[in-house]
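> Residue numbers (this note's numbering), protein chains in the order written: chain A, 1 to 622; chain B, 623 to 700.
These are computed hints drawn from the structure, not numbers from a lab.
Incorrect hints may appear among the rest.
Unchecked claim - Straight line, CA to CA, 25 Å or less: simulated SDA-like cross-link-like pairs of lysine to any residue:
| hint | chain 1 | residue 1 | chain 2 | residue 2 |
| --- | --- | --- | --- | --- |
| 1 | A | K33 | B | W655 |
| 2 | A | K13 | B | N670 |
| 3 | A | K32 | B | E627 |
| 4 | A | K324 | A | D267 |
| 5 | A | K13 | B | T682 |
| 6 | A | K97 | A | V551 |
| 7 | A | K33 | B | L692 |
Claimed, not checked - Selected chain B positions facing chain A (Cβ under 7 Å, derived; list incomplete):
| hint | residue |
| --- | --- |
| 8 | Q631 |
| 9 | E634 |
| 10 | D637 |
| 11 | A665 |
As the list claims (entries may be wrong) - Sample of chain A residues facing chain B (criterion: CB under 8 Å; computed from the structure):
| hint | residue |
| --- | --- |
| 12 | R28 |
| 13 | V30 |
| 14 | S52 |
| 15 | E56 |
| 16 | S215 |
| 17 | F220 |
| 18 | P226 |
| 19 | L447 |
Glycine residues also receive a C-beta, built at the ideal position from the N, C-alpha and C atoms.
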Amino acid sequence: MAPEATLQSEVLKALRFPIAVGDILRKRLVLKKELLKQTNLVPTRIAILGGSTTTEVKSMLELFLLAQGIEPAFYESGYNRYAEDVEFENPDLWNFKPNIVFLHTTWHNISEFPELLEAEVEVERRVRREMARFESLWEKIHAELGALIIQNNFDLPRLRPLGNLEASESFGSVNFVLRLNAEFAGYARSHSRFLINDILYLSVQVGQAAWFRNSYWYNFHMALSPTATVSLAHNLAAIVKSVYGKSKKCLVLDLDNTLWGGVIGDDGLHNLILGKDHPVGEAFLDFQRYVKGLKRRGVILAVCSKNDAENAKEGFSHPDSVLKLEDFSAFKANWNPKPETIREIATELNIGLDSIVFIDDNPAERALVAEQLPEVAVPNVGSDVSGFAEVLEHERYFEVDKVVQDDLSRSTYYSSNAQRSTCQARFSNYEEFLASLEMTAEIGAFLPVYLERITQLINKTNQFNLTTRRYTSGEVEAIAQDPAFITLYGRLADKFGDNGLVSVLIGQVSDETIQLDLWLMSCRVLKREMEFAMFDALVERCQARGISKIVGVYIPSKKNSMVAGHYASLGFSPMGGASEGRELWCYHVPPTYSPRTRYIRRTAEALLAAASAESASVPSEV
Amino acid sequence: MTHDEFLLQMDEILDLPAGTLRGHERLEELPNWDSTSLITFIALAETNYDVYVSPGQIVTCSTVADLLRLAQSESSSS
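Looking at chain B on its own, in the form it has when it is part of the complex (with noise of 0.2 Å):
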């Protein structure tokens, strides 16, 4: 998956126009960033990657390129 259509996918999970995510921005400051669109991201990580993310793994995660970082290393090192 590219960057992009990680951002893509990040946008239908937070209900936000398509193209709106850059990645840049702050998690805490997105509105339905919530414990249900984080269940969610996990379960597209798996879907997509191939991997297990856990919750305290996304907590160290402060913007949405943190979130690709994380299931992108976590793909290349299982």
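With the rest of the complex left out, here is chain A (with noise of 0.2 Å):
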């Protein structure tokens, strides 16, 4: 169950879209202690280096961060001592080793603005020398912290002594600052474990008058107003969020008056309203678009309608219909009520219900699902369809910190899936529908291509997860480098597409022991003996480096227990040393050892990468 579950909506409510940033400040006290109540908290360590002061930041951050099921430990820098205490390295911060560092600078934070009537050249001179200032303090933290890093850029000024000239003239001041906040965004388009907070959509999206009053910054010195900085921690919040994998993966949508309007089994195909003829029909077309984009990068789509099937079908043949009935992975038309639908499609996509948004106009059946599925997010979006796009954007749902191509590819997967469904109901013996699929899968070492990938998969995998354990990216690069780990990736193709990257394993040696600290698959290979090839893969490994015991942990969680015989499964043997909440398994690696392995070829290219990448990991010395 999602952590929100057990809280009283009432209390989410107040952090939900309509914000009612007063209700937040009168009653955070309030709310913190509601939300600490909750279980299964992720910890998270933040470093808030400030160049205003961020005392409201934190306090802000914290609600939201909760909101999300994230409970977050805080170092705060001293007012503006953001870039004194990476330079100084200051004890406290290095001791209080965070997870993530969130450099909270704004444009009183420039250090230098171009004089009226400067040369170009020197213009570009000053944001080398700015930029150098930043570049400095980021890639200390990366070295020595290891910390992911979130970064403002930069709001804009509040005064333009030069009017419009401001944005047009090299040296004004708007466009030193555009052309500071593009240098940023190419530092985190090139870096990793770099993200940016971007503080000047923010700003337009509040207003510059609301975004900064005179009165907090001279008496305060904060840089952004109480009703700013809600809306900068619940981005800010959102950021994390996705770096912890918590972002939402699944939109599921009713049809009639959400996707078009007008009903489709009373109207008729002709009678909806939708197309650029209508100004309620275009409303609805740009809906779809937003809907389709939201595919296109990843996030899985399904159907929920009260419909007979076929007619429910036919409204995507309406020739203004952006969306197709194939970039739906679940299709459920029927009459049942809509919780029972959910639960289906939550099984048939085989995702978690707090994976799944809701959108329907209709209030009863939000308020039906929201309250029989209170892991599911039911927005509140009205019943006018103009606005349910800018209510998914509050939200900040689907929030990414990186799209990676697996993400791309994911309603591919889907849409395969329904074939290999259709494959196996041909089969009245699995084996032989496992033989079928003419399964190949590349198992290797870490590469740094797919960390990224690698580190998305260990921060929202939560039912084939044997330790639930989370690392940020710099954690799986540092130890992708270290060789007392072993590490497996492992992407499993078949003759319908390619799955993708779909399990991972981190083992820590010692000796001629291994510990397993980490062992996950994607849910979407289950029962496709994957798990079997990356233990082959892993018993190879140890052959090879003298490893004699491997040791399975495993760390029960209210989503886990499918993989509470997973060890048993393989032939370990419970051994000493558990304790409570954690199972201690032994697996003796013999001499000999005859692979698990039935169904799944290892690719050639594969074999040769990971030998090539185990050499390369391991000392010479072994």
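Both chains are given apart, each in its own frame, so use the hints to dock them into the complex.
See the structure below:
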């Protein structure tokens, strides 16, 4: 069950769209107390290094993170000590060992603006100097603290002495800020573990007048008003949520008056309101485009509609429908209660209910789903389609810290999964079905090209996950380069398509023993014997490094009961040293080993890559 | 905003059970009266009364009732 499911809905309501800033400010302490009653909170350590006062930022960020099931511990720099704390290695910061460093700087912290009529070449030098100043901080944080960095870009200066020329002239302050922001963005594109908190956008959204207030600046050195601080914290929490893999995965949509105007069963295909010829039809068209965009970047789409199935499907043959039937990975049109249907969708897609967002124009349906499935996010979108996308945007349900290739092919996977299901139905024997899939696996030590996907999988896989340990991308990168670890990733393909990178294993080596700190697999490939292929690869590496004993760790959680028997099924024996909430299992590596894999062929390229990565990571004395 | 409504809001700001504050309480004796609650009070005065109350003015207040009087007087003079 999602952490939020245990909360009173009224508590979370204050933190959801439309956000009532006054309510949050007033109820701050009450909200915090309620949110801390949740169980299964994910701990994280965040250092806030401020170019202005950050007390309010910390207070609000804490609320929004707790609402996402993340419990932060904070380090706060002194006022405007963001650079000194890093440059002079403040021991309090170093001892804090942050997972995340948030650099809360604003335009007030730009050290030099161009002079009037300054030559372009000198302006460019100023840009370089400012970048060098920030880059030296970022590099030191990455190198010494190993933390993920979240860096504000810059909001715009409050005053414009040159008027509109501030934007167009190279020496204009607006122009200069936008150039710096472009440089920050360029750095983010070329560096992992570095994310931008886009306060330029936030300041526009909040409105410049409400974003910055002289009174708060001169009295408290708050670079943001309380209203702006709430907006910043909300956005920041969405970034952290994505880093910890807590973003939603699937958008479940009603059809009539949600994706088109009218009721297809009553009005018929040609009377639906959809398309540019009608003001409301254009709003439905735009919402469909927005949804299609979500699908393109990896959000799974599903339909949950009270309709006859054939009528419902016909709607997508409307000439103006941007969404097509094949865009949906699950399609349920029936007369059953919607909570029941959404449960079926979650089962069919192999995802948790807490990965789902449900959109329906009907408030009664929304209320029913919200009440019976508290894990499902049910935003109050109202009944006006022109506001649906805005609500989804504000809630930041699908925030991602990176778009990787596997995200783009996720819908393809779910579509080909339907073909797999059809194929499976033709076989009375499951093993014949597995053989018919013609599966191939690429298994090897972590490669730089896969680190983003590996981190993503580590932070969002809950069910087939033996320990549910979470790692930041920095930690994954460090482990990948550390010869004291054996790492494995696994990709699986079959005749219907590529399932992508679906399994990750991390083991720590000590003498002749390896302890498996992490072993997970995407639920996409359950019951495909991919875990056998991973185990075969692990045993091969153990044999190559003279490791005789594999210790498996199982830490039960509310979501991983499916792997309770995992080590027993692989021939491990229970061993002593277990503690409450932690089981230890032991496997003695035999001199000769018969592979468990029966239906998965390991590709030669992967074997070569793995061997080469292995030889590179094994110390010469071994 | 009535006197009672104001007191209920202050109860929430200071994480006290509804109905705790009566107005005569001394601010310096309230455990959660700190810089954050002070900023919250300023923000709420803006929201509720559309006035800006400065920290310097708040320093002159001794009791919860003084805070209400301050917000109301600023509101009537603006």
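> Does each hint hold? Answer for all of them.
Going through the hints against the structure:
1. Between A/K33 and B/W655 the CA atoms are separated by roughly 17 Å; this keeps the pair inside 25 Å, and the hint holds.
2. A threshold of 25 Å between alpha carbons decides the hint, and for A/K13 with B/N670 the separation of about 21 Å falls inside it, so the pair holds.
3. With a CA separation close to 22 Å, the supplied pair A/K32 and B/E627 stays within the 25 Å bound.
4. Proposed proximity of A/K324 and A/D267 is supported: the alpha carbons are some 20 Å apart, at most 25 Å.
5. Taking the CA atoms of A/K13 and B/T682, the gap is about 36 Å. The hint is violated against a cut of 25 Å.
6. Between A/K97 and A/V551 the CA atoms are separated by roughly 28 Å; this puts the pair beyond 25 Å, and the hint is violated.
7. Using a Cα cut-off of 25 Å, the hinted pair A/K33 and B/L692 is violated, with the two alpha carbons roughly 30 Å apart.
8. With 7 Å as the threshold, the beta carbon of B/Q631 comes within range of chain A, its nearest partner Cβ sitting at about 6 Å, so the hint holds.
9. Interface restraint check: B/E634 against chain A, minimum CB-CB distance 5 Å, threshold 7 Å, status holds.
10. For B/D637, the shortest C-beta to C-beta distance to chain A is roughly 4 Å, which falls under 7 Å, so the interface hint holds.
11. Taken as an interface hint, B/A665 checks out: its beta carbon lies about 4 Å from the nearest beta carbon of chain A, inside 7 Å.
12. Interface hint status for A/R28: upheld, as the beta-carbon distance to the closest one in chain B is roughly 7 Å, under 8 Å.
13. For A/V30, the suggested interface contact is upheld, since its CB lies about 6 Å from the closest CB of chain B, less than 8 Å.
14. For A/S52, the shortest C-beta to C-beta distance to chain B is roughly 13 Å, which exceeds 8 Å, and the interface hint is violated.
15. Because the beta carbon of A/E56 sits about 6 Å from the nearest beta carbon in chain B, less than 8 Å, this interface hint is met.
16. At about 5 Å, the closest approach between the beta carbon of A/S215 and any beta carbon in chain B falls short of 8 Å, and the interface hint on this residue holds.
17. Checking A/F220 against chain B by beta carbon gives a least distance of about 7 Å; that is within 8 Å, so the hint holds.
18. Nearest Cβ of chain B to the Cβ of A/P226: about 4 Å, under the 8 Å cut. The hint holds.
19. Look at A/L447: its Cβ only gets to about 47 Å from chain B, farther than 8 Å, so that hint breaks.
Violated hints, in rising order: 5, 6, 7, 14, 19; the structure is consistent with all others.
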